[in-house]
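Undergrad: Protein chains in written order, with the working numbering: chain D, 6 to 267; chain G, 0 to 153; chain S, 40 to 586.
Where hints are given, some of them may not hold.
Unchecked claim - The list that follows gives simulated cross-link-like pairs (lysine-lysine, PhoX-like), each with its CA atoms no further than 20 Å apart: (1) G:K90 / S:K531; (2) G:K125 / G:K115; (3) G:K78 / S:K169.
To be verified - Stretch by stretch, here's where chain G covers chain D in the computed footprint (C-beta under 8 Å, at least three residues): (4) 98 to 108; (5) 113 to 126; (6) 191 to 202.
Hints are computed from structural coordinates only; laboratory data are not their basis.
Note that the structure is a prediction, hence the values are computed from the model and not measured.
All C-beta atoms, glycine included, are put in the ideal place defined by N, C-alpha and C.
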Amino acid sequence: MEFFDDKKNWGQSEVKVGRSWKPDELRIKKRALNYKVGGLVTCGNLKLRDRFPVLLYYKFAVKQFDFTISTEAISVILLVTLLFMFMFVRFVLLKERNMLLTMEHECKEQAELFPNPERIDKVEESMNNLETVVRERNEAYFKLETGQTGERPVCMRKGAVGLMYKHRMAEHTIPRSMNKKWQQNYKSYGHTRDARQFLKLYREKLFLEKRRARNRERNHVMGLMKRFPNLDLEAVKQQFPSVDIEKIRYHKKTRGHHENIC
Amino acid sequence: MWETGSFFRYLLYQRGNPQQRIFLPNFWLKLVRPEHKQPPNIVQFIVSLQMTKYDIRNYLEKIYKIPVVDIRTVVAMGKTKQDELKGYVTKEDDCKVAFVTLPRGQEFEFPDLFPKDDKKLESDAKTLEETKKNYRQFLEKTKKRPGMPGWYSY
Amino acid sequence: MGRFRWQRMSIALRKSTIRIRPLKYEQEYTETPQYPPILDTSYEARKRRMDEQWHEKLKALKTVEEKLFEINMPRYYGWKCIMLSEDSIPYNSLSFAQHVTRTHLGEIKNLSPYSTDLEEESNRLLEHVKPWIEEALIFEFKYRSRKHEYLNNEEVLVDKLDNIIGSSIVQQVNRILLGNLSTKAPHLLKCQVDTDPRVESFWCVGGMNPHTFLRRQREKVPWLKDAADEPINRWFQYLGAPMMHLRHELPLPAVLQMRESESPAVDVPFFRYDPKVIGFHDARQLGTNIPGFWPGDACEFGLLSYHHRGHMHRRLLQYGEEDRAEALHAQAIFASYGWLLPQACYQGFSTFNDMTYPLVTQTVITNGKLWSFYVYQLNTTLLHADHTSKNPRHNLCWGTPELKLFEAIEDGKVIGFNDDVLKYLLKFYLNAPKVREGVEMKPYLGDMEKHIADISEDKRREWLEAEFKHMYSRRPRHILPYEIYQWERIYKIRHQTRPFEARRRPFELQNVRPHMRRYDEHVPRYIPKKFRDVNKYKQKFEDTYYP
């Protein structure tokens, strides 16, 4: 019955819940997390069915690793503790999300209103936050142990028409040189004449856009100088670093009408 | 150490195979009212499309502590809908339906989540009557001046 | 055959073939007015009458093959049937097996001929046979090389190996028992032994829930709305795979009288769900009833059949012990019923025409080490429509749990040999078939024509023989059933987005339902001009002799 909401919420038009967990709350140290997670969950939006397993997991984790206390072991303890904790928190979130999805589906089937649909978003947000925190820890651990981040590796690759893009690398059973299917899927035409032509025009377009932006900014500054003769030029220099103030200072366009009234 | 990220990917090779482990799984699953008439020990779920039968079994056994005997899955096509004015057809996402068999003797009946509340029905009916009455009064008041907007009073 | 067009058929079908000849004056009038009977004209009653008419027609057909042919006549592509096989039995399906075969399950222990007369005889013969059997077991389990049996498969599957060992042991055991017992039991001299026979049966069961698709269709039709949940008939096709069976000219004596199965103590669980929800699947195919030999064979009654149990290795551990035992019972029920029903069909009965006397068979499921024994008595084949609840008769099955023949084989000796298991086997072999006194064995078959081979008209006999064999070859029809593609379902059926396209596909035409096409709805074979009969030179197409 964990797939259904509390019986008292059945058929209600409103279910009151708290906010989602913030990354900072999830990021706090282990002892505090114990306390905090328990507290948060009970007063927050999620009903922690049983608070004790958190402590249990924690104790178990410490017991497993307290035979040697070195820096590595401490990091492992910390990590495993947090992992268990996060897993448990994640399970709570998963159950909560499944429950909400079940209720939402049934409401849709019965043509009823699903009360407070933002609950799903809150759980989703908590999950994302949890994931960011776990990712941070993971990265720190990997940097400590291996000197790498442990994330999925990314490389820059030339695409089909010769433009570069970020490619998330994946494992393959067949090496790239033998993998006909991979070669077909990632075929590049970047070296062809058409692509070269395209790239030339594309770069020209980018350059023109850039030049226009520069001119626009310069004209804007000139307009400002024209309208406000007592402008603080130092501030302008700071705000528009691309504009050469000295060069446009005596330009025709910067001269206001106030100077040739006579 | 673990695979994070929005979409879980199984590693092709891991030292000491097989030890596929997922920490922080991104799978969802929802319990739905049974579509077919079936024995009381069969439960119907809709699960995320990436889940395999083994995933479903582990998910239910490890997280929910539900004993699972057998699982049959089918990928169901999403419903299609046609726009009334423009006439284009749209389709909902496909979903994976899992029929999970519990051990014999165990029964599950999908509960009625929307119990009929007589009080609420009564109050709704009352409000409806009131609205009707007010509208009738309004019609009575304005029948002499057709076409005049309701907010105009003299 | 390619000439067949639905449009042409619909025109032909519209024409009435009834010719009314005016009555003569003296026939027209009688002394007392004779009224036709007043019939119920409701939809259900008319449907029932049509079905009954068909069943009467089946009963009246003279030969066995024509009766079997006629069951498939209403459907060109065959009936949609639930496929039952011996080696895939879903979880918790014993009650289903009992319902679809209307079988009561009991214990074999105190069954009368097996615990009385046959017991004494088997006790006497046990010591005589035992050393031979032990020797065969030692040879098969210890000394015989199995490598060549599965040389082609790199991966040796446990269930395959189990089947291979099982069948070789059964061959040995059968050889030993036939050799040793035939002097004491002369009926064994006359019996036929078949290895890997083709056993298939096809029957109709009522009282099942309509499947979800049908229920929703009915709910859409205003006049069927109230009857949306009315139970329906389902067709079942069993495909057996026995490793060996023995058959004889005479049937085994009935264990109980037929009317004893009508007592209220004999009960059968009612399984009303669609079989697909517990893991069976359906397919559209022509139904076949074949007990391992063609109609007309002299030995047409089964004595004993052996079945594999390799599939037990494939069952998941989560199913548990209780389900293991039940799966064996279900396998035995299907195997026994699936063999007896075609035997009954060869006697002229069918799933719509009930038996007038019982038939009995004995079933053994084994892998050489583990043995289960079953005795099955077929009392009724009438399961369609409301007969599932109203038919007083039941089929009876008596079985044992799985028994170990021996514990182990060590140092060339069999350890812990279980005599009871061998005794069951001896009893099965010693159970002699007898002539049924005062029973007409083939009441629904013709006096002279009992099989196609008895038909005197050459052309008709040859045509029927060829067509029957073709039907029973289980080949797909030469024009495959059409398929609705996914894009058509979305853009043509669910949403009519292509109104200007020519309507050519069957689902776009009126009165065209390929799955409802009758077996004989096709253009007969064309006769080229030079082969035509001189007297009938205008006859373009060959005659057909459908039953």
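Undergrad: Against each hint, give a clear statement of whether it holds in the structure.
TA: Each hint tested on the structure:
1. For the hint pairing G:K90 with S:K531, the CA-to-CA distance comes to about 15 Å; that is within 20 Å, so the pair holds.
2. Under the criterion of a C-alpha separation no larger than 20 Å, the hint pairing G:K125 with G:K115 is consistent with the structure, at around 17 Å.
3. Distance restraint check for G:K78 and S:K169: the Cα-Cα separation of roughly 67 Å exceeds the 20 Å cut-off, and the hinted pair is therefore not satisfied.
4. Look at the region 98 to 108 of chain D against chain G: 7 of its residues bring a Cβ nearer than 8 Å to a Cβ of that chain, three or more, so the hint holds.
5. Counting residues of the region 113 to 126 of chain D whose C-beta lies closer than 8 Å to any C-beta of chain G gives 3; at least three are required, and the coverage claim holds.
6. A stretch counts as covered by a chain when three or more of its residues have a beta carbon under 8 Å from one of that chain; for the region 191 to 202 of chain D and chain G the count is 0, and the coverage is violated.
Violation of the numbered hints given earlier is confined to hints 3 and 6; the remaining hints are satisfied by the structure.
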